[in-house]
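With the hints as your guide, set chains B and C onto chain A.
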Amino acid sequence: MELTQEIRDKYQPVIGLEVHAQMLTKTKAYSNDINEYGAAPNTNVSAISLGHPGTLPRMNKQTINYAIKMGLAIGSEIAEYQSFDRKNYFYPDLPKGYQITQDITPICTGGEVVIKDAEGNEKGIRITRIHMEEDAGKSIHDIDPFNTLIDLNRAGVPLIEIVSEPDIATSQEAYDYLTEIRKLVRYLDICDGNMEEGSLRCDANISVMLKGAKEYGQRVEVKNMNSIRNVQRAIEHEIERHIIAIEKGEKIAQETRNYNALTNETTAMRSKEAANDYRFFPEPDLQPIRVTQDHIDKVKEGMPPLPNYLFKRYTNELKLSEYDAGILTDQKEIALYFEEVIKTTSNYKSAANWVMGDMKSYLNAQAIPVSEFQITPEQLGELVNLIDEGKVSHNLASQKIFPAMLENPGNPEKIAADNDWLQSNDGNEIEGFLDEVIAENPAEVERFKNGEKKLMGFLMGQLMKKSRGKADPKMATQLINKKLG
Amino acid sequence: MLNSFASVQEALDSGKSVSDILEHYLLEIEKNKHLNAFLEVFEESARASAKEVDEKRAAGNAGKLAGMVIGIKDNMAYKGHKVSSGSKILEGFESLYTATAVQRLIDEDAIIIGRLNCDEFAMGSSNENSAYGKVLNPNNEKTVPGGSSGGSSAAMAAGLCTATLGSDTGGSIRQPASFTGTVGFKPTYGRISRFGLLAYASSFDQIGTFTSNVEDATLLTSIMAGMDEYDSTLIQEPQKAYSIEAPKEKLKIAYIKDCFNSEGINPIVKAKSEAILEKLKAEGHEVAGVDFPYLDIMVPTYYVLTTAEASSNLSRYDGVHYGYRAQDAEGVEPTYKKSRAEGFGEEVKRRIMLGTFVLSQGYYDAYYTKAQKVRRLIQDKTKEIFKDYDFIISPTTPDVAFEFGANSADPITMYLQDIFTVQANLAGNPAISLPLSEDENGMPFGLHVMGASKDDENLLGFSAYLMNK
Amino acid sequence: MEITNDLIEHIAHLARLEFNGEENERIKADLENIISFVDQLQKVDTEGLEPLVYMTEEINVLREDTPAVTVTQEEALKNAPNKDSDYFKIPKVLKG
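Protein chains in written order, with the working numbering: chain A, 3 to 487; chain B, 259 to 727; chain C, 347 to 442.
Every clue listed holds true.
Listed below are the simulated DSS-like cross-link pairs for lysine-lysine, each with C-alpha atoms no more than 30 Å apart in a straight line:
(1) B:Lys340 - A:Lys140
(2) C:Lys438 - B:Lys346
(3) B:Lys346 - B:Lys291
Quick caveat, the hints were computed from the structure, so don't treat them as lab data. Values in this document were obtained by computation on a predicted structure and should not be read as measured data.
Chain A extracted, bound-state conformation (with noise of 0.2 Å):
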């Protein structure tokens, strides 16, 4: 069945997604065993974390903190008083066969995730709640075909669940939100926000109504999907699968539904593992945690400037555009690497310009971050105030002060002085130049002098190497219009 925009149209997804993120603490949620990727199987582990008979749970206090400034930066109200709770299942990569979570007590109710819609208009997507809980082992299926392999490494590491209202009504909006969420975990430092390697994960939510119905359609869960945009992908191949049963006059089963990156298609996990009965309980060896307003305000002054609050910033005060203002608040590092510079000059856009330009793309050739980058932000800001004054080219700045500055971090000024890059302003030596151009390139002049002039930046181009680069381009325009105009 075809499925034409005039059907699609009829329909309104209703998209909710729940969110995992892994605590970037140095060790587990309930034992002081090494939080850490990559680390060879069943090495970070303890006594506590493999479930051993007789060990009990001890309650990582960074677990907490992390978890407030999560819900700071989304604006959440903090829970005062908190317990923990059993998750009963079983499962190989579960060693306690329970996991401890919040079901009852989350840290964090409500607040939103701003996102753009459609239309480019601001859209928060409110957020239920926000728990702490352990993560699982990892099971490996595909090493030994007799034998699924279990490796303990990840079981305890600490995780908050993101649980939105179904707010989310495309798959734009999805891939936007788990961007945003990925940004601002990477702000707060709580997190890698990496998909591919497991730091985050995602499962959705998500049904389709008849646009103006009074009742949610069916609702279908999706799990595995390993980055955001195949979180969008599925969420497309789902709204569309619905759709189209909906439209064939059928039922849409209540289910949970694996999504297949390779065929782009959801199938139906066995409804027996899915339907399951935790028999949530109140967990005993944990007491219950009291968070006051003084604690919150501590971890509210070691948070950094968010990336929404940076954007405004960008946009309303220094007059940035959009575009620009996006691409710097996009990474943390970036920003305050920003904020340095702006301190060192005023010229918001030209500074914006030299951190988006020559710095990323020197960042990303390199493969370093940010805290490596040899140019102190006073530097880059002494260097774009140098071209303001008019003291050298923005060329000869990008082409040969800022190789150099990577080479010898310093002074922009003193270097440029060092190696006799000042611009010359000698309006008789840049004549001198002109002259022996002129006189080396009689066709191109005349050629000039006749209606092409796009050759004025071949004659610049000229004088600039005759001079080295330093001659004002400004005064060698004028000088070149004088003589050939």
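Leaving out everything else, chains B and C in the frame of chain A:
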């Protein structure tokens, strides 16, 4: 019989070494093998420890418990040694760490001589539920030593150790102490770390002691108790050494009338317990009967809550990472089901089923939440009594040790063995069984004394007073 | 209350236990007996009572985020019923 620390110290003073003392116990254990109290004797490590302790004594820096030889219940982790909780499902399992309480004793130079038989996963009142056979009561080998700490109590009664450790969830130290004529002490919940105690019911379990006298129980408890970063459920107060002094003032002692009037109480138990109360009255203490009409509901409350916690605590025994795995199970689910069905005994399975049931959807509120509310009622009512009284006295058990098989027909008659002891676990109070009486055949039975929450020191002081009169 | 075979099967599955034939009859009878024993709780008036959940008054019992290595890979795998040098092994479901 070297069954007290005082007698051990006497032996040491008279020139014996710790190694000599250890050999004495090893011989006694061998002679009493038929009791089946010990599942394993740690000869090698005990002998090595004894040597070390003797060296430390010679150097003058031995710990407070040098000379003490202690047996631990088979549900306590001891690094490099096996532990099985009386179950087949942990056969061959070796601990990677030592329980905090045990480590604290070792740090004071006590020697851990072996692990003691018990009802499987501490579920039982007679040690008839052990996967490794029953334990005989040294007082009358046709009778049970009590449970679940049957091995610990029998070993103590037979003089096989200076002291033994047990665990008490509903009476599993006190009831066996009553049956074997030993002192069985359970401290306030949250006094002794549960880290390393194989969990049965997390909000009920406590490690405690079997000794022949209250002084030894006090010494051991002082050393084991106190904050431990590995157990979050402890009372967060530094532990001081208990000093037991005889009560200075006249006491106000309550006895629960409903206990003394309960159906099924042996008339001799009733009479002799009452006689003790009379003596206390004669000594000038105030002794009054109080009503506590909740006897009927305490055991059901206990069973709903402990089985619920146990059903979750025992989920880790799944045949995957350690313990018994059924052979030729194809796939994960059959591995779970076969391993657990074959590895667990009947009583454990019954309790797991009940626990799972009361936590399951549709029944949680009516059973689990309800039982939590009744527990609140019981704790409140117990606190009320302690507003007016210092201690609550009752018999520990309705009768003396029964014969093997006597209570096996109906699980519930076995459950009712705990009827007098379970209150202390429900409310979290400290309690002790004191071997103050015998029946006409010389079979011991205990007097049960419960103290106010956190009032362990005074309870022990009063107990010493009762024992030494 | 009546304990049906379906209920036994459901609870046993949740608990990953299995009972065959006569065992099933026994556990059914046992559960019926025990459940009617604990049903006595229904007659207790608990109006206005908060469930008792924690046995001490302590809160915020937390630890620092400081790592420690306490167990080697060998120790971690030591008690495993089936393993290789790196992993725990559990038999796969054979497709079907």
